[in-house]
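Given chain R, work out where chain D should sit, using these hints.
So the protein sequences, as listed, match chains R and D.
Numbering follows my numbering, with no gaps: position 128 of the first sequence is 128.
Adding 1000 to a residue's 1-based position in the second sequence gives its number in my numbering.
Do not take every clue at face value.
Subject to a maximum C-alpha distance of 25 angstroms in a straight line, what follows is the list of computed DSS-like cross-link-like pairs (lysine-lysine) [claimed, not checked]: (1) 1463/D / 66/R; (2) 1288/D / 3/R; (3) 4/R / 1288/D.
Worth flagging that the hints you see were computed from the coordinates, not collected in a lab.
Model, not experiment: these values are computed from the prediction.
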Amino acid sequence: MAKKVLIIEDEPDVMEYLNTVLENNGYRTYTSTDAENAFAMVKEIVPDLICLDIMMPRESGLSFYKRLKETKTLKNIPVVVVSGVIQQGEFDFRSFVPDETIAPPERYIEKPIVVDDFLDTVAELTASDRTG
Amino acid sequence: MPKRKMEKSKALTQLLYGQFFQQLPFNVAIIDRDYNIIEANDNFTRYFGDWHNRKCFSVYKKQDKPCSVCTQKEIFEDGRTRVVDTVVADKDSRWAHHVIQSAPLRLTPGGPVDYILEITSVVTDTNQWQQEYNVLFDRVPCYITVIDEEYRIVRANESFRERFGDVLGQYCYKVYKRRDKQCPRCPAARTFKDSKIHQSEQSGIGKDGKKIDYAVMTSPLVRGEERVAHVIEISTDVTQIKKLEKEVLEAERLAAVGQTVAGLAHSIKNILMGLEGGKYMISLGLKKDDRSMIDRGSDMLDRNFDKTTTLVKDFLSFSKGRLPQLKMTDPNALVEEIVDLYKDIAGVSNIELKARLKPKISPAPLDPDAIHTCLTNLVSNAIDACLMGQQKGSEVVISTRDEKGKLVFEVSDNGSGMDYEIKKKIFTTFFTTKGGGGTGLGLLTTRKLVQEHGGKIVVESQKGKGSRFRMEFPRKRLEMLYRESE
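If we strip away everything but chain R, and leave its shape as in the complex, we get (with noise of 0.2 angstroms):
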């Protein structure tokens, strides 16, 4: 069976961008553009996977990924965020989530996207042997 990702993006082209290539490797998605709707839909669908992005309108991808892991049944869906914030793979996650009881996402890929090195981390993130 098609593994789920969520895309949660409010940049109309990422959005179809991410989408598309997902899509064509097989992959279901959804998406969201924005960070409240998306809520919802991750309580429903329960993805494998979500792509997220840090800056968007109303809710932050931060505050959304902070509400995600305070869930008990969701917090174990890994997250990649997907942002131009992001240099070199590199964020300093908890210069925003001080709390430690909240760990960071999986992976943090930057903007624009090098296809094969993402569709590489999405695939290694829904493997179905993947532990944790």
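Leaving out everything else, chain D in the frame of chain R:
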């Protein structure tokens, strides 16, 4: 002269000298090279007791050896008069402050010093106060000068002399500012005219050639009932404070630039992502022979090339690193211009645009074009917020006022308002809630322009209730920038 008459005259002279010596209202003594007191007047005897066969240090200081620093010894060596201020003890060993004036006596003119004449007077309370006043005058951490009606410095304290040099008798404008004529906005001139205290902030040049910023207060010095004959100028050095103020201003500007660059990078990354996306979809469409995917890819390319153009244009106008072109401007006139410009646009969407202006607000040194841009950005945002809020009776109000020394422009609306998350972000990045419609540069530009005026922009907002953007310009800072730009 007959011999008898000459002897009579000599006797008279001796008598006069004797009387004079005895009657002097000071303690007078004569000391030889071995510190022996060889003669003293009645006053001296009354005050210090019997001095015969005693040395000066024994009489004055009740010591049995010479003082470690001995004025007499110095006078015997260099023959110069001295005045010292010291404590000595009277015959009952009560110590008191005295001023001792010592002068050399020579039996042969031009010869060695044979004796020293010492006149000792007790420092009374009045003298003490005078002394305290002198210390205060000289040492208070302010520059103090007394100037006469010709603007000549007739007195200057030590702090002043240290900073500006020894300048008695010189014209104050020459000394303070190295000018050849009286300074404009001279507070002393006003004090001469109206006998009142005046204050002003000025910049001068120290004796080392360095610029000094000072806050000066001028007070009238009236002797008798006459007109003001002298003015006291008391100045506090604010050079350091001014420097710090400038550094803060500079830091604020730099921070804005830093955030802008980070924001720009973020914005460009999103556009690049759109361009890559378009390219990807076109090549995928070609591979799959999917016409609609090729079209979508091509649209993506178009949109993101357009975005690049807009961004570059906006950024160029934003990055114009220029100092504000300040000129005296009526704040209300600026607002009225904006209302005229936007009234119709707002009216089409049933939004009422109003001005609430403080009547007769003082003009201020502003860059009218810059403030025009700021108000345009804020008003167009406010109109957008009203459109998003979709309430009935929407209104946007622009107001002006003076508040605690600050000139304030305010743009408020009863539109959609913002929640905390958005409020945090509006100034920090290329942030837009207008989807493809905005570049997120409007408020950044506004903040930059406001900061270049030494002001700040504050926002209050409540989701669903509306927003209030306030631009505050401290008038003192505006004046400082204005003076610098002159």
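Structure-based check of each hint:
Between residue 1463/D and residue 66/R, the direct Cα distance comes to roughly 22 angstroms. Compliance with the 25 angstroms bound is thereby established for this hinted pair. Taking the CA atoms of residue 1288/D and residue 3/R, the gap is about 23 angstroms. The hint holds against a cut of 25 angstroms. In summary, the hint linking residue 4/R to residue 1288/D is supported, as the alpha carbons are separated by about 23 angstroms, within the 25 angstroms threshold.
Checked against the numbered hints listed earlier, the structure breaks none of them; every hint is satisfied.
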